[in-house]
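Residue numbers (this note's numbering), protein chains in the order written: chain A, 19 to 713; chain B, 6 to 300.
Hint data in this document are derived by calculation from the structure and do not stem from the laboratory. Take these hints with a grain of salt, some might be off.
[Said to hold, decoys possible] Covered, in the sense of this in silico footprint (three residues per stretch, anywhere, with C-beta under 8 Å from a C-beta of chain B), are these stretches of chain A:
#1 29–36
#2 465–477
#3 687–700
[What the hints assert, rightly or not] Here are a few chain B residues that face chain A, going by a calculated C-beta distance under 8 Å:
#4 D13
#5 S80
#6 H83
#7 V92
#8 Q94
#9 R133
#10 R225
#11 R280
#12 E298
Each residue gets a CB set at the ideal place from its N, CA and C atoms; glycine is no exception.
Here's the letter readout for the chains.
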Amino acid sequence: MLDGFEILTTSGIVLWRKQYAPVSSNVINSLINDVFIEDRGQKNTDGGSNPPYRKDKYTLRWTSAKDVGLIFVAVYQSLLHLSWVDNLLTAVRALFTKQYATELKKPHLTKLNTSDFDHTFDALVRKLDTGSTRRQSEPDSDAAAPTQLTPPSSSASVGEAAEDDDLPPPMPTAPQFKKPAIPQRQQQDDDTTSTDITPVPTPDTSRPTTPSQPPSHILTGKAGPGKASRRARKANASSAFNTSAPVSSRDEGPANRKGKGGKGSSVKQKRRWDADGFAADGEDDTVLDYSAPAGTNDTGTTEERDLDINNINADRMGSRTGKGQFILKDLDDEVDAILASSKPTTASSATPSTTSDSSAGLLGSASSRITGLFRNVVGGKTLSKQDLQQPLQQMQTHLLEKNVAREAAERLCTSVETDLLDQKTASFTSIDKTIRESMSKALTRILTPTSSLDLLRNITSTTEGAGRRPYVISIVGVNGVGKSTSLSKIAYFLLQNQFRVLVVAADTFRSGAVEQLGVHVSRLSELSRRENVGTIELYEKGYGKDAATLARDAVTHATNAGKGGGEMLFDVVLIDTAGRRHNDTRLMSSLTKFGQLANPDKIFMVGEALVGTDSVAQARNFAKEFVDTKGKLRNNGIGMDGFIISKCDTVGDMVGTLVSMVHATGIPVVFLGVGQHYGDLRGLNVGWAVDKLMR
Amino acid sequence: MANSGALDQWMTWAFSPTISAVLVAFLITLLSPVVLHYYLYRKSASKELPSFLLLGPLGAGKTSLLTLFANGTASSTHTSQEPQSAVCQLPLSIRSSEDQYRSENDTSARSQPKFLLLDTPGHGKLRRHAQSSLTTASALKGLIFVVDSAAVSSASGLTEAAEYLHEVLLLLQKRHTQGKTSKDPQAIPVLVAANKQDVFTSLPVGLVKSKLEGEIAKVRQTRSKGLLDSGIGMEDESGADEEGNWLGEYGAKEFRFTQMEEHGVEVTTVGGNVRGEGEEKGFVSDWWSWIGENI
Chain A
19 MLDGFEILTT SGIVLWRKQY APVSSNVINS LINDVFIEDR GQKNTDGGSN PPYRKDKYTL
79 RWTSAKDVGL IFVAVYQSLL HLSWVDNLLT AVRALFTKQY ATELKKPHLT KLNTSDFDHT
139 FDALVRKLDT GSTRRQSEPD SDAAAPTQLT PPSSSASVGE AAEDDDLPPP MPTAPQFKKP
199 AIPQRQQQDD DTTSTDITPV PTPDTSRPTT PSQPPSHILT GKAGPGKASR RARKANASSA
259 FNTSAPVSSR DEGPANRKGK GGKGSSVKQK RRWDADGFAA DGEDDTVLDY SAPAGTNDTG
319 TTEERDLDIN NINADRMGSR TGKGQFILKD LDDEVDAILA SSKPTTASSA TPSTTSDSSA
379 GLLGSASSRI TGLFRNVVGG KTLSKQDLQQ PLQQMQTHLL EKNVAREAAE RLCTSVETDL
439 LDQKTASFTS IDKTIRESMS KALTRILTPT SSLDLLRNIT STTEGAGRRP YVISIVGVNG
499 VGKSTSLSKI AYFLLQNQFR VLVVAADTFR SGAVEQLGVH VSRLSELSRR ENVGTIELYE
559 KGYGKDAATL ARDAVTHATN AGKGGGEMLF DVVLIDTAGR RHNDTRLMSS LTKFGQLANP
619 DKIFMVGEAL VGTDSVAQAR NFAKEFVDTK GKLRNNGIGM DGFIISKCDT VGDMVGTLVS
679 MVHATGIPVV FLGVGQHYGD LRGLNVGWAV DKLMR
Chain B
6 MANSGALDQW MTWAFSPTIS AVLVAFLITL LSPVVLHYYL YRKSASKELP SFLLLGPLGA
66 GKTSLLTLFA NGTASSTHTS QEPQSAVCQL PLSIRSSEDQ YRSENDTSAR SQPKFLLLDT
126 PGHGKLRRHA QSSLTTASAL KGLIFVVDSA AVSSASGLTE AAEYLHEVLL LLQKRHTQGK
186 TSKDPQAIPV LVAANKQDVF TSLPVGLVKS KLEGEIAKVR QTRSKGLLDS GIGMEDESGA
246 DEEGNWLGEY GAKEFRFTQM EEHGVEVTTV GGNVRGEGEE KGFVSDWWSW IGENI
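This is chain B alone, in the form it adopts within the complex (with noise of 0.2 Å):
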């Protein structure tokens, strides 16, 4: 009884003509959009970076690459083991995309576009952080394969970029085809970054690309002959699909990476060094050149 007291009372007074009460209306009309939206734009507030993601095998110099961007000068650095990200920002001299319908001599103020940098293990015991972070990161703008071009001269080393580099382009290959929607995932172009061209032993550019492609080439025919995987009988669709695990054009005896532009993943190659000899600067302007373009 009491309580049905009080609230009657208090209704009363709601739906008098009081001054007050009047008053009240009016705040929490015009109060509650704007705390509605600041309560839900501050959670929206902060807009993804666009991000690229480092890989590459072991001793690329991924990691100098990282700190080279992110803070201007390369540190010295070991074998990483666990992925590490850095915020960077295009420097004033590369345009981006963005600025593409500017004019050269435009002098306005512009704030030069940052993005996300992630740099992976390149050990093969630590491939799935490159893995993970290509199947699940949002807002991936595109890839950057640090190769050593050193190494790429020898059999080994050459085999070993050729078949990390086998395994990403098949991954974004099949992300391609095998969307499930009918839109198109967005696609991801990939950087050859042939690196440590400072080197005395290393390769130029073109012969690099040629190298990659030509055992690319083995290394998918060696995988389609070889021996089926023991997971086989576990996702039904991309087990024993022939065709859907031959990267490039089916059937090709060669191969190259315009092959690859079918499936949207454009590929380039760029070289440029991370450490200059001696008390040199690096030279990796085109490298930014491509992201400013890319972002």
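Same shape as in the complex, but just chain A (with noise of 0.2 Å):
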């Protein structure tokens, strides 16, 4: 089941764990890393389940509690398929929380007698993990009334022709039984299936003698990372959920099946197979099996689902003609069709309050807007999502006055929101200051790289010492953003640091561009000889090449390693890559082709900060294309090195595109682009961004 669950703080501290199988601590540390810190995964802000995270062989399911500042962490194999850990973590968090409120409350907590918890954990484990894979819909769901089971010899009946689903069903006369793996447990009625649960009943004649299950006798190895044989898998997961009596496969001895009248089978689950090209023993809860479900009330709606499937209307999608030609509906109509079907609801939420207005009365509701302003004045006031709503939109819409994309600055605002909900205002401090900072710390955290780069020590380690290599570095992004020039200040300022650069003209396809850098180069060149610094050459083979080779030709030309005992010629080579639409699929395809055969060390995109919302897809768009050849994205897995924002003097105040990229993809900004000489080419000071942001 559970490999393991631990209750830590946020400042890092176990509070609490259990380990039934050794879990390395990395693996939590990776979960920490990636979701709190980096925000490389989705976080549900409403508090309810999270999306899974995984890790090398793990699934890490998790919540937190904010307000004692409690994350809880449960860790199992991926292989299995466990849904219940939803629901053991809210009910660990509740009680968690209830048990030691007051311990928590305390200041400077660095340590919890947590010893009398072992108990409540084992019995709320021992209630949650039914071994069933049951899905899970409510939290209460082990107290609602059982809906209606089909017994299952009424399974065997008419409705299960209908219900045979993907499978090639040539003889669909032996019965077939719908029943999981656990007989005595209640069962949800699903109106959805998923593949996990619901075992598929195969028709035995159509099926080779695989067995489904290794007889008990034969030993199965465990499960081993990865690519665990198909077999031992669904034998590791049969194997889990499988409790009653022991069962053939069914295959094997049918007079078995029939006799037992599907008590425990197993079941030949869907194969699925997923993106790495192996057969996927499904951990989410998606529904590839849209035929008519498993067990239902009474035979006569499987027949009027089977009519449904039939009366797909089509004078919903569309409209005929007087001419007999079928046109599609406006989108307009379905639009407001959706928001006539939405406006009951919340026309009854909206009743509800201002009923609760009007009965305050004009007296009541003054004072209270007194004493709420008095609160905002003083501080102290517990921020709800009310409090907070409008502020917020204001915030927004400052955000997006600043050239900040839509979708990060909605989620910002989302994420200070909840971070902000229920928490009390410092005192002397308004609803606005405190949503100032807020925001000021998510921007200061989003905008400061894990590790800052020093282009200067990174080449000197590579060009000296042994394996002495020159330092490659490759400028790629849309057309017009500025590569070739910000490259021709890159390579001024690593002129200035005496070393030796040399710029590849890989952009073949623009007239004029290999002309452009050598313009450039000559300039550098006539610069760096009258002030004695570095030097510096093109290296260009004209127009319609193919960019990739040649830039490998001129990395092999840099280190020079052939005719006995060469020196390195060049320390730095400079690739600039031609311009491209970042939804032209043929040209970012042979983006990837060049980040392989070029291999460089760095990968820097140029983009405008002129540029709005494109911002962040242009910056999606190339980060995916730079993947090794083994597949996957280089960089741990982030695809570029770093962003180099252009034209810079241009926007003054409104340099949000700084934020959309990055918030985009994860990449930190290296250098801003400042001017149009060869010296304006600075980093970026994270203060100076965040103040200007908040301006």
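Both chains are given apart, each in its own frame, so use the hints to dock them into the complex.
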């Protein structure tokens, strides 16, 4: 089942832990790193169930109690599908915070005597771990009255023929039973089925004799990480759930099956393929089987549902003209329909609030408003959703005015809201001020890189010492953002630091690209000759050639490894590429080949500060192109190494593009271009950027 | 009219030589200073504890150190996201600076001083907690920079530790040289705690020190040659000041921790380990003695 369960504080101290199997601590560390600190996963803001996090062969599910600063994490093997873990997390959170409420409120909490929590936890696990793969709907589903179940005998009747789904059904005559593995437990009447839960009936004659579960006298090896054989994984999965009488495979002994009438048989689960090309024993609850569900109320409804399938209303999708042509309905109508259906719900939710307001009376409302105002000034006010709504809206508009993309602004505002909900404001700070502080903290955290780039250190460590080779930097971006200009600024900076630079004109498409770089190189070489600093040269092969092979040849030329102990000719290789639209798939895919052949140490993407919401899409599309030969994104699964934001002098205060691009991809901003001269290149000062954004 | 009449009456009674008036005056003169004293000194009754700040790169062992000092046993920890503070007390075997004039054989009862230990996250994105604590903490008596001795042997771990240490020392140096008043701000000593000495691949303390010094020299060199910050126009004084941004002795090729002493920052390197191998207890007494000297 579970491999481990931990309760830890936000400052990292483990308050309580239960380990069923040894789990190395770097699994939870990477959860904290990726989800909480770097925000790579998605967090649910309503405190509901969070999406699971996967690392190596483990799946982690987690929840947090923000008011006391606790995180609850459950770790289990990815091969298992445990549907009760969310319930467990919610229950543990409620019980733990209630049991240790007084101690958790003390300041300076570093230790908690949690020995009596072990019993509570064990009892919870015993209660919730039904061992079935029952789909969890509401948390109190245990208490709900069991819905109508069809006994197995009736399931073999009429309805089944229609529910037989994907398998080629040559002979549906054999009685098929829909019982899941554990018959004693109550079962939800689900309208939707998950492939793992509802066993799919297979007509026995159509299947070859491979047993879906090996007979018990054959030992099965434990599932290794990753590529366990499908059979072994099925054995693991089904062995976790089958607690009733040991069963033989369905293909053996048909007499067995008929006799038992469906008590605890092994089932053939649907095969699904995941992205790596392995048969995945599904984790997610996505519904792939949309045929009519198992065990419905009575046969009448199943028949109706059959008819429903045929009755897909043609007139819901469009209308026929007089000539008999079918014209699709306008989108407006659909939107109107949706709004009409949602209006009653909003009206009903609005009325209670208005009635409560009117009942308060004039005096009551005036005094509450005055005290609210007073509390706003003095501080100490507990923030509710309603308090935060209006100021957050203003904050979001403010960010949008600063040229932050809408998606990024919305996510920032929701994260600030989740942080501030039910917190008390400090003394003498108004709500506005609290929100501003929280927002600048969130912006600082986004813009601060995990490890700052020291380009000169990286270059010197690659070009000196054992295994020296040139340092390769390449610049990519859409058309016209300033790639060649930024490249020459970087070349100037490196020249001032006494490096030998090779500029590679790998833009073989645009007319004049090679000449442009030629002009830059001649100017820079003249400058460097006068000041007696490094050397710079241009490597070009004209137009029309393949950029990837050109880049690779340039790197070999710079390395000069052949010809009997040649010395490295250049320290740094700067590769300029052609601009391409991020939605042009053909050109974007050629970037992958470029990345693999040239194998640069750093890939920088240039984005201009003037671009608006397009920046998010640009950043994402470029980042996902750079995969290495194994299909993994380079640079630890991020893609690129940094952004260069050019033309920052043209936007003044509205530097929101910084935030949008970093927020979309997690790649830090490395340089800023602030002018059209060679020296106009700056590093990013996070305080300056946040100050400009919040001004 | 009626008002003035009542006032008149009251004033007449107050100035008359009746026993009750004398008694009231007597009580007021005695009690009001006492009340005033309690009111004033209640506010400042809580003396601020001396505090020490724990810094260091990710995974150095700061949070475990905090739990060890506070509770006596190290709990298991994960990556910190928030700063944490704990009140710790010097163990009985350690002498503090207050006891420097006591004889060692003095057996009179004395209570060991308490101090506040502040733990900060080491992750790159969360460094601002440490920086804000450095600049705003009032009774800061010392800084403990925890380093993983085994990670320092690799190039990336060494670079990370050295960059962070460089940043911290530069902050302290600037605080010292750019003080606005003629009186120097109180000096904050730094302890570089080489943790995880029990791990097989850890480097000895002397080697950790020299490696850090060498790496800091390289870092300060590339920082001086690097690009200007985008926030240059913001504060004119500290921006382009070359000498101000150079750690230690200006223009010196090598960096030694002793160069920091002219700025009032005393750096000592001491080794130890928070957790022992297997069931052994950790060895942290040298760190305790440093804290005791500087409390």
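Cross-check of the supplied hints:
As drawn, the stretch 29–36 of chain A meets chain B at 5 residues by the rule of a beta-carbon pair under 8 Å; at three or more, the given contact holds. Evaluation of the coverage hint for the stretch 465–477 of chain A: fulfilled, as 9 residues show C-beta separations to chain B shorter than 8 Å, against a requirement of three. A stretch counts as covered by a chain when three or more of its residues have a beta carbon under 8 Å from one of that chain; for the stretch 687–700 of chain A and chain B the count is 5, and the coverage holds. Evaluation of the D13 of chain B hint against chain A yields a violated restraint, the C-beta minimum of about 40 Å exceeding 8 Å.
Residue-level restraint check for S80 of chain B holds (minimum Cβ-Cβ distance to chain A is 6 Å; threshold 8 Å). A least Cβ separation of about 5 Å between H83 of chain B and chain A falls short of the 8 Å threshold, and the interface hint therefore holds. Contact between V92 of chain B and chain A, as hinted, is supported at the beta carbon level, the nearest pair being about 6 Å apart and thus within 8 Å. Interface hint status for Q94 of chain B: violated, as the beta-carbon distance to the closest one in chain A is roughly 12 Å, over 8 Å.
For R133 of chain B, the interface hint holds, the least distance from its beta-carbon to any beta-carbon of chain A being 6 Å, beneath 8 Å. Among the interface hints, the one on R225 of chain B is violated; its C-beta lies about 11 Å from the nearest C-beta in chain A, farther than the 8 Å criterion. The beta carbon of R280 of chain B comes no nearer than 12 Å to any beta carbon in chain A, farther than 8 Å, and the hint placing it at the interface is violated. The criterion of a C-beta within 8 Å of any C-beta in chain A is not met by E298 of chain B, whose closest approach is roughly 24 Å, and the hint is violated.
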